[in-house]
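S.K.: These are the residues of each chain, in order.
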Amino acid sequence: MKIGVFVCHCGENIGRTVNCPEVSKACASFPGVVHSEDYKYMCSDPGQNLIKQAIREKHLDAVVVGSCSPHMHEKTFRKACASAGINSYMVEIANLREHCSWIHEDINQATKKAIDLMRFAVERVKFNQPLETIKVPVTKRSLVIGGGISGIQAALDIANAGFEVVLVEKEPSIGGHMSQLSETFPTLDCSQCILTPRMVEVYQHPKIKLLSYSEVEHVEGFIGNFKVTIRRKAKSVKEELCTGCGLCAEKCPIKKKALSEFDEGLSNRPAIYVPFPQAVPNVPVIDRSVCTYFKTGKCEMCKKVCGREAIDFTQQDTFVTEDVGSIIVATGYKLYSIDKKPEDSIYKGYGEYGYGKFKNVINGLQFERIASASGPTSGEMLRPSDKTVPKKIVFIQCVGSRDESKGFSYCSKICCMYTAKHAMLYKHKVHDGEAYVFYMDIRSGGKNYEEFVRRAIEEDHVNYIRGRVSRIYEEDGKLIVKGEDTIAGLPVVIEADLVVLATAMIAQQEAPKLAQTLNISYDKYGYFQEAHPKLRPVETNTGGVFLAGACHSPRDIPESVAMGSAAAAKSLVLFGADMLEREPIIAKVDATTCAGCFYCQKVCAYNAIEKKEIRDRLGNLQKVVAFVNSGLCQGCGTCNATCPSKSIELIGFKDDQIFAQINAFAEV
Amino acid sequence: MEEKFEPKIAAFVCNWCTYTGADLAGTSRLKQEANARLIRVPCTGRIDPVFIIKAFENGADGVLISGCHPGDCHYNAGNFHARRRWILFKNLLDFIGIDSSRLYFSWVSASEGKKWVDIVDGVIDAVRAKGPFKQYKKMNKEIEIPVAAEEGVSVK
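So the protein lines, in turn, are chains G and L. Numbering-wise, the first sequence is residues 1 to 668 according to the working numbering. Numbering-wise, the second sequence is residues 1 to 156 according to the working numbering.
Note that these hints are calculated values from the structure, not bench results. From the three backbone atoms N, C-alpha and C, an ideal C-beta is built for every residue, glycine too. Possibly wrong hints are sitting among the right ones.
FRET-style restraints, in silico, Cβ to Cβ [unchecked claim]:
#1 G:239 x L:105: 48 to 58 Å
#2 G:312 x L:88: 19 to 29 Å
#3 G:25 x L:27: 23 to 33 Å
#4 L:27 x G:573: 48 to 58 Å
#5 G:619 x L:72: 43 to 53 Å
#6 L:118 x G:379: 53 to 63 Å
Pairs of lysine-lysine residues, derived as DSSO-like cross-links and limited to a Cα-Cα distance of at most 27 Å, are as follows [claimed, not checked]:
#7 G:524 x L:90
#8 L:115 x G:112
#9 G:112 x G:135
#10 G:233 x G:251
#11 L:90 x G:654
#12 L:134 x G:112
#13 L:115 x G:524
#14 G:524 x G:135
#15 G:256 x G:238
#16 G:478 x G:392
#17 G:429 x G:359
#18 L:114 x G:112
#19 G:513 x G:427
#20 G:112 x L:31
#21 L:115 x G:534
#22 G:298 x G:359
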């Protein structure tokens, strides 16, 4: 075998601490090496040409490049070699930059180490085999998890491009948090007015299959070929029969026992309910935890009044399986909850603000419901305790955000904007009212955002106080808000009628579980992790799984929509090709020595090992051996290390390749 | 010869977490000692115990194995299998009389460049304090098995 060695200086990056000409000289004496040279920038065009030229002139069979990390330029050099006629898997990279020159100072030691690393690579490449990339077909369908604005956008984009979409939503209706909002910043246009047409479009789209009240249970497969099991929770209502007339909800005797999730607990809902009048699909579900029939076996009022006989108390959860090529995760956020019983909560902070204890201390989403025309007060600005108009209202920002001691260290990003919006909405409805905002900093980056905040201050005369609130207590029906104005350096006491806390946006509680189901990573807060913070913001480490919206980090509506479209575009890139190419680093069984113990099957995390019968010419069964499904195998090599007879090998990381490296260790 | 002993460390690292973590240490220019030689495998699950024995046989004074944190394996469960394998293997090493304290395990994620440097330097210091590992070589001599005679390598 003729091996060519190329040592890159990477400008000064390697050359400064590693004596590259000496490394190149040392490599020339390794057995098998017929060509060795060094160059300032191997990855540049002239550098690549040096490699190509040497391959052609000296008829090289394999190439070793000493350069930066293989994660950086392995592809570059493989491509260059392939264009000169060498199989791209006959190329090995020795990491002389990240693992040598950048971490050492002594030039002698670093040069010695560089020579060792080159020797490892040279010994290894002798056992490399020419490989071809594997081509797998792509299922041109997409799964979108979460029917908030981000998921809706992604689903519509993909469906409008002509591909099928399965949209899974865990609640009875799509719409997400956006459907709860009264108006949106910075234009103050009505949230429902812009959202509900989109929801209806989703429902009527021939390419979108909407599975509401459903959750993703299990995912197997890989990019282009996922098999997803979805749990369809029992609605106790036959969807195909229901016309959405609403008579069942009207007649349900339970009116007061359940708190409306849609109204954030500010109103009640019956046991059989649609979350809100514009719900999509407009099909009610029975909340079995409060329904009299499910508790006592009596009542059946809804069944009696339903003319379509759509009520089915015996309905069970069902499971459906969908084949998809890409998955878009758009599961959104929830609000940091600061309940009256902090010992029940994992978040122990802010008992001093009295949320849950005082009826008139509410969070941002609750204020949205009070301000909304479809809310419990029909849009009238009335406080929850006695339904009177609050004349003084206090907004507190950063409750749980930017607070390492009690909440989370990140900024929730949207609170500055929605607090300004809340204060404005309040002033537009209560002209003689006073609005106060306690803030830490005003963060209003975004198109027309800063102007919006200035409008709240200058046109609507909202009083912004820089400082934190230390305590809130009730006295004579008033909420006494004690805080500090840090600009004036004075304590502030405000007798408020209503207090609104801008609580932090946090990840969904089930996010880590979903991340494990999908095999994607999440950060310490439970937000899903992107593949690269700058260049791959909607991709995850698992191919074919993309992120959209606030499940990734706090996001406002325009950003969530943009991310939804971006994730859809990434899916469409995938659907643009009929076949996907993947690395041929997979396991392979030698059927002649395989004894059929199937230890490999037990350790395989991908169910990639199948049983294969070996028969003689007469059709008699000789033995059963393991067989690797090349579509499922991801190339971890656990089977290889487990096999007692060494009959299964990971191509590209075969035993002899690794042993060659280890044996080269003898000369270190 | 003994006056300035520099240990040789063979490190088997997984491609996705520790190798990338070591890359990060490089990009962050975190200085470390130059005694370790990394061998990249796709996953710690790929590491056959024989690799470790072979490394000792070829003159390693210490062997370091590092992969993704349990639960964060790029391949879902490879590191769990590896962990089980090592627990048994370490006992076996003790049983056959090889000093198992020269074998080190750690979990280093792709973002823990600093941790990787600390671990490598810590292992180098610890092995330096133990002195050179001669036992295996001596044992080899006793049973007279040629160590590096690999067949099947056709050079040129």
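S.K.: Each of the hints needs a verdict: does it hold here or not?
M.R.: Evaluation of the provided hints:
no., hint, result
1, G:239 x L:105: 48 to 58 Å, "53 Å, holds"
2, G:312 x L:88: 19 to 29 Å, "54 Å, violated"
3, G:25 x L:27: 23 to 33 Å, "28 Å, holds"
4, L:27 x G:573: 48 to 58 Å, "28 Å, violated"
5, G:619 x L:72: 43 to 53 Å, "48 Å, holds"
6, L:118 x G:379: 53 to 63 Å, "60 Å, holds"
7, G:524 x L:90, "33 Å, violated"
8, L:115 x G:112, "25 Å, holds"
9, G:112 x G:135, "41 Å, violated"
10, G:233 x G:251, "24 Å, holds"
11, L:90 x G:654, "24 Å, holds"
12, L:134 x G:112, "23 Å, holds"
13, L:115 x G:524, "18 Å, holds"
14, G:524 x G:135, "36 Å, violated"
15, G:256 x G:238, "25 Å, holds"
16, G:478 x G:392, "10 Å, holds"
17, G:429 x G:359, "21 Å, holds"
18, L:114 x G:112, "24 Å, holds"
19, G:513 x G:427, "43 Å, violated"
20, G:112 x L:31, "16 Å, holds"
21, L:115 x G:534, "24 Å, holds"
22, G:298 x G:359, "35 Å, violated"
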